[in-house]
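Asks: Turn these sequences into a full structure, and let the hints guide you.
Here the protein sequences line up with chains Z and A, keeping their order. Going left to right, the first sequence walks through residues 2 to 480 as the numbering used here numbers them. Going left to right, the second sequence walks through residues 2 to 480 as the numbering used here numbers them.
A portion of the hints provided could be inaccurate.
Since copy identity is lost for identical chains, a pair holds within one copy or between any two.
To be verified - Taking lysine-lysine and the DSS-like style, the derived pairs with C-alpha atoms no more than 25 Å apart in a straight line are:
#1 416 with 371
#2 313 with 64
#3 468 with 304
#4 39 with 86
#5 150 with 320
#6 385 with 64
#7 320 with 57
#8 209 with 137
#9 64 with 227
#10 137 with 29
#11 29 with 64
#12 126 with 57
#13 257 with 310
#14 325 with 57
#15 441 with 325
#16 137 with 28
#17 315 with 137
#18 64 with 315
#19 28 with 331
#20 325 with 64
#21 126 with 28
#22 64 with 252
#23 243 with 86
#24 29 with 126
#25 64 with 28
#26 304 with 354
Bear in mind the hints are in silico, worked out from the structure with no lab data behind them.
As a plain string of letters, each chain reads:
Number of protein chains: 2
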Amino acid sequence: MAKEKKLVEAITSMEADFAQWYTDVVKKAELIDYSSVKGCMIIKPAGYAIWENIQKELDARFKETGVENVYMPLFIPESLLQVEKDHVEGFAPEVAWVTHGGLNPLQERLCVRPTSETLFCDFYKNLIQSYRDLPKNYNQWCSVVRWEKETRPFLRSREFLWQEGHTAHATAEEAEERTVLMLNVYADFCQQVLAMPVIRGRKTEKEKFAGAEATYTIEALMHDGKALQSGTSHNFGDGFAKAFGIQYTDKDNTLKYVHQTSWGMTTRLIGAIIMVHGDDSGLVLPPRIAPTQVMVIPIMQHKEGVLEKAGKVKERLSKVCRAKLDDSDKSPGWKFSEQEMRGIPVRVELGPKDIEKNQCVLVRRDTREKTVVSLDEIDTAVPKLLEQIQNDMFERAKAHRDAHIWDAHNYDEFKEIAESKPGFIRGMWCEDQACEDKIKEETGATSRCMPFHDQEQIAGTCVCCGKPARKLVYWGKAY
Amino acid sequence: MAKEKKLVEAITSMEADFAQWYTDVVKKAELIDYSSVKGCMIIKPAGYAIWENIQKELDARFKETGVENVYMPLFIPESLLQVEKDHVEGFAPEVAWVTHGGLNPLQERLCVRPTSETLFCDFYKNLIQSYRDLPKNYNQWCSVVRWEKETRPFLRSREFLWQEGHTAHATAEEAEERTVLMLNVYADFCQQVLAMPVIRGRKTEKEKFAGAEATYTIEALMHDGKALQSGTSHNFGDGFAKAFGIQYTDKDNTLKYVHQTSWGMTTRLIGAIIMVHGDDSGLVLPPRIAPTQVMVIPIMQHKEGVLEKAGKVKERLSKVCRAKLDDSDKSPGWKFSEQEMRGIPVRVELGPKDIEKNQCVLVRRDTREKTVVSLDEIDTAVPKLLEQIQNDMFERAKAHRDAHIWDAHNYDEFKEIAESKPGFIRGMWCEDQACEDKIKEETGATSRCMPFHDQEQIAGTCVCCGKPARKLVYWGKAY
Ligand SMILES: [Zn+2]
Ligand SMILES: [Zn+2]
Chain Z
2 MAKEKKLVEA ITSMEADFAQ WYTDVVKKAE LIDYSSVKGC MIIKPAGYAI
52 WENIQKELDA RFKETGVENV YMPLFIPESL LQVEKDHVEG FAPEVAWVTH
102 GGLNPLQERL CVRPTSETLF CDFYKNLIQS YRDLPKNYNQ WCSVVRWEKE
152 TRPFLRSREF LWQEGHTAHA TAEEAEERTV LMLNVYADFC QQVLAMPVIR
202 GRKTEKEKFA GAEATYTIEA LMHDGKALQS GTSHNFGDGF AKAFGIQYTD
252 KDNTLKYVHQ TSWGMTTRLI GAIIMVHGDD SGLVLPPRIA PTQVMVIPIM
302 QHKEGVLEKA GKVKERLSKV CRAKLDDSDK SPGWKFSEQE MRGIPVRVEL
352 GPKDIEKNQC VLVRRDTREK TVVSLDEIDT AVPKLLEQIQ NDMFERAKAH
402 RDAHIWDAHN YDEFKEIAES KPGFIRGMWC EDQACEDKIK EETGATSRCM
452 PFHDQEQIAG TCVCCGKPAR KLVYWGKAY
Chain A
2 MAKEKKLVEA ITSMEADFAQ WYTDVVKKAE LIDYSSVKGC MIIKPAGYAI
52 WENIQKELDA RFKETGVENV YMPLFIPESL LQVEKDHVEG FAPEVAWVTH
102 GGLNPLQERL CVRPTSETLF CDFYKNLIQS YRDLPKNYNQ WCSVVRWEKE
152 TRPFLRSREF LWQEGHTAHA TAEEAEERTV LMLNVYADFC QQVLAMPVIR
202 GRKTEKEKFA GAEATYTIEA LMHDGKALQS GTSHNFGDGF AKAFGIQYTD
252 KDNTLKYVHQ TSWGMTTRLI GAIIMVHGDD SGLVLPPRIA PTQVMVIPIM
302 QHKEGVLEKA GKVKERLSKV CRAKLDDSDK SPGWKFSEQE MRGIPVRVEL
352 GPKDIEKNQC VLVRRDTREK TVVSLDEIDT AVPKLLEQIQ NDMFERAKAH
402 RDAHIWDAHN YDEFKEIAES KPGFIRGMWC EDQACEDKIK EETGATSRCM
452 PFHDQEQIAG TCVCCGKPAR KLVYWGKAY
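Replies: What follows is the structure, encoded as structure tokens:
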């Protein structure tokens, strides 16, 4: 029983130490394991199954917008990385370098891709000749490497999984349209599937992607009041096209540069799911992303007919949702703890007395609420309950988020909020990077985004310097 | 029109130059492009869509046998790679080495995984404690790197995509069962989905995987008579377990070593599909793996009602198969050539006269046979035709394979066949590696496998040295 005990041992409470709680959950819900490669994690079956569901959902949404998948090389020659000036400055300090192939030193160093803009540009340069070749809406699912110093499972690791979309368009308008379209795909996915409310907006110059003209972002609020950038979409304008010489012959027979975008989401999202929905008993998965949505747990399973009936209930549920039966020889108590730790949205309890009454007990993971339902109705009751949980989880996360947005009208207010109130701080900004730098240095809060859907002018002056304000910014401490 | 022309230009005929024909097909069917990274290819949408279908089919079959997916790090510390002696000898000469992370040299070199046995062993060592933790049936989908000198698209490249399954079992029997099970999953997949007949058998000591006790393989015959190893399944016994110290406490409370297996399939399979089924007009895809199964091509599409009717036909077909409509402004002739080059199994031709008669023309890609069917019947006629094509393609490939298996009873016969008759050579073997080496050196043929399902003793003596024979071997020149 040593193994079981390890799983259901109490974890650190969120209140006591949020960071330790997070680490406990990723380990005890068996999402990851540490590897002998410093800063690289092993994603275990329970964690990878969540990623598979994320991939499936996102990939279908991408394809609906005309995206096609490709696979690009893992390596980037040093000279290729250096073609776009801002880009190489942004990434060169944190890449891993391959210097030897087999027994021989390489003539040119190769970096392990930290992102693939340069490879796509090199590819598009030859692929795109005419306006007939546009647009190109390509995406790849792969792993990337960034040599981070401090690492945390899912949130920041030297290798992580992601998708990176790279598109090329005839006009600036089309590129802008695609940049916004993909940000909305991300936002809808987070809200509808992960039950995670997000704020859509634009990054400041300081925070934008290396080489981009504009970076759009979705920002979510974690349970501890810190922000997490959950997806970004970049409009490159024709900057990369000019650096790489990606031109096409337009209908009017003149040569023009293409306009490009890129956009990505990563295994960070799993960290976000944990920190938005989790509680002191472990993971709480939104039903739409949960690999197992319902766990059937027999009570007094040694009694005649119990296991058999539980098996039948599981079979019936499998036709309407992702159901499993825990028929192991552990006690019901252990099984409950395991199911809770793993965040399975609904538990079905079924014992001899229930069977006698032709009923079972449904227990919600998110609220622990119990309802007794007739076995004749489970095919409709369980899917309905899963929908209810999905909606309630979103509303709860949204209420928590909205209760943690604070307005700062001047720098004293800003500093006080930053110190005492976890969450987003809304504050006006003069657009001078000096203020952004000062705020970060003195309060630890960074500019998260200039929101699209919140144009309220809460003051006339910059929250930091008092000069005339130009933009409303959401600030926050962030992962 | 420059772009179109490029696509449908004649390709080299198979007869004239098989290698050039292959290269032409991968390029002109737009499966791959070359990248600026020597030996690494770009898999384009048409190629990647085939890989996605391979993944989907294989992954479902794996999961039916209880396999779970995980993700392991991309890097292996040099010391970890060295733990198992045979394994490091097999792989160290052909791995890529990372020596710098960011701006700093690493304390220990990391190799980019050529395969992940060592990482899985390191993981299992801690994960597996008790007999209750067994079996572990884990798999990952990823890319691997082997620093090959000569490369060819899909067949041999410095980076390729694959899946690698790694399992751990309580007993030798269970490990053997899993090894055979996965070989059979591979064989069934090749035969049922890729319409590609395979020979199942065991590799000789010389040809087995570095560190394995036994390697099982499926071998397919390409159109030019060369063999292609299409999937392998390895039984490691307890060799890796002893090297890494992977022990569990059994029910009887004693410590025992686990028994392990690994098994993999790669993007090579796309090369096999091309070389088994392709013809002088390009790719020919088996319907079950074809990303697009049916292309609807309107004739005289400028005539009123034609495009609209073609759109409706495509809509109806989309409910029963993967159908597309080519409504571009290219001529029908171009469209036919494109559809043929890309290997789309069925073309539906539909012009004003067909519409008048409430009919359309179905054209098979594999035989070019045309049939006229009533538009009222396409929902049943097209899926039936796709099934027919799938079956016929398998039977045709099998007949070709069977017509290219030759028996050699002595060395003179062997040499003559190897020189003049492309295909597999069946020949008895004394089990001495010297004979295997000599055959390879003098004829270019390698031992492909000792077949499971062909125990015929075609001679009493080794085909090479004349000493008493022990095993029937399939020999052949191979990719
Ligand atoms: Zn200011
Ligand atoms: Zn011999």
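Asks: Quick one: residue 385 to residue 64, C-alpha cut-off 25 Å, is that within a copy, between copies, both, or neither?
Replies: Neither. Shortest intra-copy (29 Å) and inter-copy (28 Å) distances fail the 25 Å Cα cut-off.
Asks: If the cut is 25 Å between Cα atoms, do residue 64 and residue 227 qualify within a copy, between copies, both or neither?
Replies: neither (33 Å within a copy, 38 Å between copies)
Asks: Within, between, both or neither: how does the pair residue 320, residue 57 come out at a Cα-Cα threshold of 25 Å?
Replies: both (20 Å within a copy, 21 Å between copies)
Asks: Go through the copies and call it for residue 126 and residue 57: within, between, both or neither, with a Cα cutoff of 25 Å.
Replies: Result: close neither inside a copy nor across copies, 30 Å intra and 32 Å inter.
Asks: Within, between, both or neither: how does the pair residue 39, residue 86 come out at a Cα-Cα threshold of 25 Å?
Replies: Result: close only across copies, 24 Å inter versus 30 Å intra.
Asks: 25 Å Cα cut-off: does residue 325 pair with residue 57 within a copy, between copies, both or neither?
Replies: The answer is both: 21 Å in one copy and 22 Å across copies each meet 25 Å.
Asks: What label fits residue 137 with residue 28 when the C-alpha limit is 25 Å: within, between, both, or neither?
Replies: between (41 Å within a copy, 18 Å between copies)
Asks: Between residue 441 and residue 325, at a C-alpha cutoff of 25 Å, which is it: within one copy, between copies, both, or neither?
Replies: Neither. Shortest intra-copy (48 Å) and inter-copy (53 Å) distances fail the 25 Å Cα cut-off.
Asks: How would you classify residue 325 and residue 64 at a CA-CA limit of 25 Å: within, between, both, or neither?
Replies: between (31 Å within a copy, 15 Å between copies)
Asks: Are the CA atoms of residue 150 and residue 320 at most 25 Å apart within a copy, between copies, both, or neither?
Replies: neither (47 Å within a copy, 52 Å between copies)
Asks: If the cutoff is 25 Å on CA atoms, where do residue 243 and residue 86 land: within, between, both or neither? Let me know, please.
Replies: This pair counts as within: shortest intra-copy Cα distance 12 Å, inter-copy 51 Å.
Asks: When no copy is specified for residue 126 and residue 28, does a C-alpha distance of 25 Å or less occur within a copy, between copies, both, or neither?
Replies: between (45 Å within a copy, 17 Å between copies)
Going down the numbered hints, you'll see the structure goes against 1, 3, 5, 6, 9, 12, 13, 15 and 22, while the others check out.
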